[in-house]
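A.B. asks: The primary structure of each chain is shown beneath.
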Amino acid sequence: MSIHSTRRHLLGALGLGGVALGAAACSSSDPFAEEDGAGGGSSDGGGSADAGTIVVGSQAYYSNEIIAELFAQVLEKAGLTVDRQYQIGQREVYLPELESGALDVMPEYTGNLLQNYEPDAESASPEEIHSALSEVLPDGLRLLPFAQATDQDSYTTTSDFASSNSLTTIADLAGLKDLKIAANSEFEVRPYGPEGVKTVYGVDVTVVPVEDGGGPLTVQALTDGDVQLADLYTSDPAIIANDLVPLEDPESLILPQNVVPVVSKKVDDDAAAAITTVIEALSADDLVELNRRSVEEQASSADIAKGWLGEKGLV
Amino acid sequence: MNGNPYLEAFAWLGDPTHWSGPSGIPMRTLEHLGYTVLGVAVAALIAIPLGLFVGHTGIGKGIAVTAAGAARALPTLGLVTLFALMVGIGLTAPMLAFVILAIPSLLAGASSAVESADPATVDAARAQGMTEWQILTRVEVPLGMPLIVGGFRGATVQVVATAMLAAYVGNGGLGRYIFLGLGSQDYPQMIAGSVLVIALALVLDLALLLTQRLTLPRGTRPA
Amino acid sequence: MSWVLENLDVIAGYTGSHLLQAIPPILVAFVLSLPLAKLANSRGWLRTGVTTTAGLMYAIPSLPLFVLLPGLLGTGVRSPLNISIALSLYGLALMVPAASDAFRSVSRDVLGSATAQGYAPSARFLQVELPLAGPVLLAGVRVVAVSTISLVTVGGVLGVPSLGMLFVDGFRRGILAEIGAGVVLTAVLALLTDALLVLLGRALMPWSRTSTRPRTRARPRTQAQTQPQTGPQTQAGSPSPAQSNAGRQS
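Chains as they are written, first to last, in our numbering: chain Y, 18 to 332; chain G, 1131 to 1353; chain D, 22 to 271.
Just chain Y, with the same shape it has in the complex (with noise of 0.2 Å):
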């Protein structure tokens, strides 16, 4: 959309009230569907997609915009062309998109994706959540098979902190007092947030909003001594960097977040099977590497993944 069309549109929907408002809003077919310039940061020209051309998107989240490039890159190595659609804030933002068409494929975590649909759902084995999985996606979106990798939630501690205290597990934290976690906001209502960690472990622990996502302020807050605790992905290089400690959930609080793809009906078998290359070759250690060349090296996605790809022979 040009700027003089969408200056058109406000002009209607802003001067002339509601009827206006109604042609504005239904002028565009599909509420979801891309509007000009929202497609991220690269160089495309626009975002109609043409019928031959599968959309790539990504949260926002860097991890996942390698994954995304992963499959992008595979992709455009058999032949299709890719839309790239990086740094999509909220998975209720993408998921109808998804369902529209208007996105073809999408990196995803197995339990967070579960638990958007089913809130309730119990922790389970990864084949399991799996499976549960592929019953309650919505008709028009395809699971492919999931990765080793995974990238979960997990209560993070210090060395210093848990060898002072005796940590290997979560339960170990029982009976500490004024435990801090810092964490994304949403934890708090989290199934293994303050209130799954004290009816399944009795552990008290306060949040204090971090929202980076367990980016390089959650760390900080937890190695400079602020918190006690922080939830971090088990894929965030700075575990190892700063020497912490992921602490054991035995009772599998935390459900498994295996990398899996979902698609479109517009991925056909051919695209799938390209897709399903990168998800048979990426380990938990790869993903923690490509995540380290991301905030480390500060490398671009498309260098990462290029280099990764090439490594596994898989371009």
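Quick caveat, the hints were computed from the structure, so don't treat them as lab data. This one's a predicted model, so the numbers in the text were calculated from it and none came from an experiment. Any given hint might turn out to be false.
What the simulated footprint calls covered on chain D by chain G, stretch by stretch (three residues with Cβ under 8 Å from a Cβ of chain G suffice, anywhere in the stretch; the number is not a length) [stated by the list, open to error]:
id, region
1, 79-92
2, 173-187
3, 216-222
C-beta: ideal position from N, C-alpha, C; glycine also.
Since the structure of chain Y is provided, determine the placement of chains G and D on it from the hints.
C.D. replies: Using the frame of chain Y, we list chains G and D on its own:
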């Protein structure tokens, strides 16, 4: 969105369990108010003396206008995230950003307050043998008080609407409801948080408007 | 720094979408504020109402508005159109009171003379009233422009492409240069737009070269001296939004 999130937001606000405890509405509102007052107060300590000086002497006016313009153009979200990565979680990072946000309005209010004094009045004061300090404190500041308070009004409304960003980097305030609602798709909670921010902004704005009227110098008040 | 150099294409893409989202609201706010301000000035109670509403709108935190508008408009959350509409509302909240002040700063006597000289109402508006209100209007537009360009970044939190995406991504990856680039570029865009508006003002209003500087002593005093009849409202009211409400950012 299922149901009507706007109506559900009011149900959320009416729920008594949301009105008590450390994460209850009174506590969060107090925190939010505290961040706002602190941010504006620190900014005022810098901007008011500077604005009065620039307004009275005209020295550094160009620099002050340019700096204030540049400060206005800085995106607060960027400042908060940048400062937080430098100094860690806590109040320091958002407070720095709020102070930068509040300075331009306060500076403009203070300098235009001094400048708005009628030159004839100022000359008369000078002719009476007043020192420059006396002219500033007894003539220009009292006459321009409504504009100074106006600067506070502008700064306060901006900071109160922005103070939700404190919750982005490990603090409290009404932003907690907004980010929690956003992150967990609990839109009623997010709307409720926004409504509380708007209400707080309104109360502060009205209080300052009243102050502005009360500070109108007697001679210029309408009969 | 190296991050910036290696990602110039990403930055350029975000800068482009940033401007696409920012420019329409600035234009919309300006164009719509003129009739709305004229309407508001025609009735005292309407003016009070408009000013109050504008103040209220200004207090709405932007992030929630960006999330909630799509539900009302039927646009997608990630649609830049949605951001542009929200920013138009903020722009109007700043611009309508500014335009209202601008038209009030035009002396009634001058307008009366114009009518006496045979100007038709539309010609009088375009050739007399609008140019005379121009300097104060310009000051208002400059504030709207800077504020809008800054506010676009908030959409980055939702994944709407703009320079704000650099904050979110840089924050998560701990890349200071990425956030810094976003902050500096946003400020540069804002200041460049501001400078362009000043130049535009000089070209369109060559007679007002000295008064295109915003927020000088000119405004409060002009009102007090040339329009004594405006009385308490002007005196006790806030300094123009150009002075007080400028540049809300969140």
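A.B. asks: Against the earlier hints, flag every one the structure doesn't satisfy and list their numbers going up.
C.D. replies: Violated hint (a single one): 3; every other hint is consistent with the structure.
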